[in-house]
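Chains as they are written, first to last, in the working numbering: chain E, 1 to 314; chain D, 1001 to 1447.
I should point out that these hints are in silico values taken from the structure, not numbers from a laboratory. Mixed in with the good hints there might be a few duds.
[What the hints assert, rightly or not] Computed footprint of chain E on chain D; a stretch qualifies when at least three of its residues, placed anywhere within it, have a C-beta under 8 angstroms from a C-beta of chain E: (1) 1221-1232; (2) 1345-1353; (3) 1397-1404.
Nothing here was measured: the structure is a model prediction, and the numbers come from that model. Virtual Cβ for every residue (Gly too), placed ideally from N, Cα, C.
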Amino acid sequence: MPKVTIDGHTIEVVEGTSILNAARQIGGDSVPPAMCYYSKLDVSGGKCRTCLVEVTKGSEKDPRPMPKLVASCSTPVMDGMEVGNKTSAKVMDARKGVVEFLLINHPLDCPICDQAGECDLQNLAYEHGASGTRYEEDKRVFEKIDIGPNIQLHMTRCILCYRCVNTAEQLTEKRVHGVLKRGDASEIGTFIENSLDNEFIGNVIDVCPVGALTDKTFRFKSRVWFLNPMNAHRNCEKCSGETVVWMFGDEIYRVTGRKDAYGEVKNFICNTCRFDTKDLAQWTIEGPRHIERDSVIGQGHYELKPTNTVKEIG
Amino acid sequence: MGRKLLLDRINIEGIKTYDVYRKSGGYDAVEKALKKMTPDEVVEEVKKSGLRGRGGAGFPTGMKWSFIAKPEGVPRYLLCNADESEPGTFKDRYLMEHIPHLLIEGMILSSYALGCNKSFIYIRGEFMWILHILEKAIAEAYANGWLGKNIKGSGFDLDLHVTPGAGAYICGEETALIESLEGKRGNPRIKPPFPAIKGLWQSPTVVNNVETLSAVVPIITMGGDTYAGIGIGRSTGTKLISACGNISKPGVYEIELGLSVEEFLYSDEYCGGIKDGKRLKACVPGGSSVPILPHFLVTKTANGEQRLMSYESLADGGFATGSMLGSGGFIVFDEDQCVVRNTWNFTRFYHHESCGQCSPCREGTGWMEKVLHRIENGHGHMHDIDLLWDVQRKIEGNTICPLGDAAAWPVAAAIRHFREEFEWHINEPKKCLEKNYGLVKEPVLTV
């Protein structure tokens, strides 16, 4: 099994593992951020360039460094490979550039965006972005299109990661949306004026790293950090029925898949669970969901039992 | 007078037709290869010849061919990249338009060498009339038994098809070409796997430029060693150069690699000097993607040696004082031309042609175009020059395919060599709308 060293941490991984997945096995700061790669999809990655890393030693056999930074999500590890992520100044500089590129045409409308608080781009910009902008021109805008009753598309927020396209390709028999046009005019769209109505199409909301695809049944209802995420399940004929329900008091505001530390769902859930099952009686609540990733949602620590501090002091 | 290997028969009346082409010695190379040589021997000849890819990157063709995977029971494909759309490059269309059988002959030879039974010519969609010329030539080749089943009794089968693109520069990138040929959106693939392992329909594939495949014909005719004797050093053989811009005689010229740039630019046999007796300001020697050279670096390298038309000499000094042979689009600028405007024009092209798949290229090309447009139209700030430099630096090398590099290099070179001109545009916002920054730092009255 090939051994790879990332930021000084050595790990042995299965042949064919990508650098990104090897880094995820190490964990911590060695993990490059990824905006387009999604481990649950058969095809994804390579496009956003945020996961670029520097390969300072190709392999034990061929120790030459790779001439360019490589996308860690689509480069397999070789035995004896040495990779620089956080420790490489070149990588940090390039990543800063990529974040700037992603943000120049992003509307930065976080205050009114439903994704705020659980947005990959927010996290990325917080870590690698600059405080000001050097972009003086107008941001690009798109004509609004309606893609169906449950999913809202905000094309201006899209970073063209292709995750939703790949998800539809994998989960549905006939994909009706895709990327139209090219260059910075490319947009997600249906040709022509189609509605996304597959039973599993709601998953494009979960895979979207930004607020480009949001849940119409949850639109403008609440900020995500005011809600209590609870693991819940129900008997569903179509999917596993294992979800997270986001509650405020006894009311279910929205239903999503169970996401891991990298924001990736463990199981894709069906539209019925996601959009049409908002009655508490229909769910078996397992208990509070621990948010594994560093997020504003996890900061409330609501899942910990309140300790009676007054009594202790007294 | 240099030797001509590709365009030697170009002036024969009716060379477009099969009969004339055959009479002038056409298809002799195929006959020789099929009867006397094994596929491996053909590959060996090409390796010996030192032929390098003529599409721009200059990768040794024989080596590329030897990388192709040969699993049992899986078909292999040869694709001809005829999606020539780089600004300043127009050599392949000339070749295909005037002597289409040469490409077909080259493709039969190369397919035989690689063991491909189905090959495709992917032609730029705008070249529709050339597509008809090629289709006619292919039909003639079929009729005379050079294509189809059991070619001339050798037991080798080959089907050749021509497919047009739909007007995208990016489809000249080999993996985007494959995607487009498969009927998908022309997005470059993420490598690895390389096409030699998994290309068209997940089968091993080789993609070569029109000129490269055509050059296989003289290599087989004269032998790889003789071919390697032409040219200089590792730049062997002849190269088609499409010369344009402010020169007396623009057009497509075949040169022996190693010809001096000075001779190519000023002799009457080739470009015939700068038009109207003006002076040279700058030159882009290899198509819009390569760095621009200021007048004092065109005919001489930085250390005073004579610059030659070869892969090595044009690249002498790296990007600091050199450029690249690229695809051979030789663009000449006289003293009245504006480098800022030209750079903006190139960048506008790359902005328009970016596929939009990866972030640095999608956002960066548009950003650079907007900044350059601003500078050219008198709305620039001094910090814009550093901004441009920083943006191009962050695109270069960080993209999926070489289009990002191709967009970044011209901007970098223009700033590197003509920074004063950028500064003048910013300092003289009114003047720059009416006048160009001249060669001797005096504005000239042409925009």
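To see whether the hints hold, each was checked on the structure:
no. : hint      : in the structure
1   : 1221-1232 : violated (count 0)
2   : 1345-1353 : holds (count 3)
3   : 1397-1404 : holds (count 4)
Violated hints amount to a single one, hint 1; each of the other numbered hints is respected by the structure.
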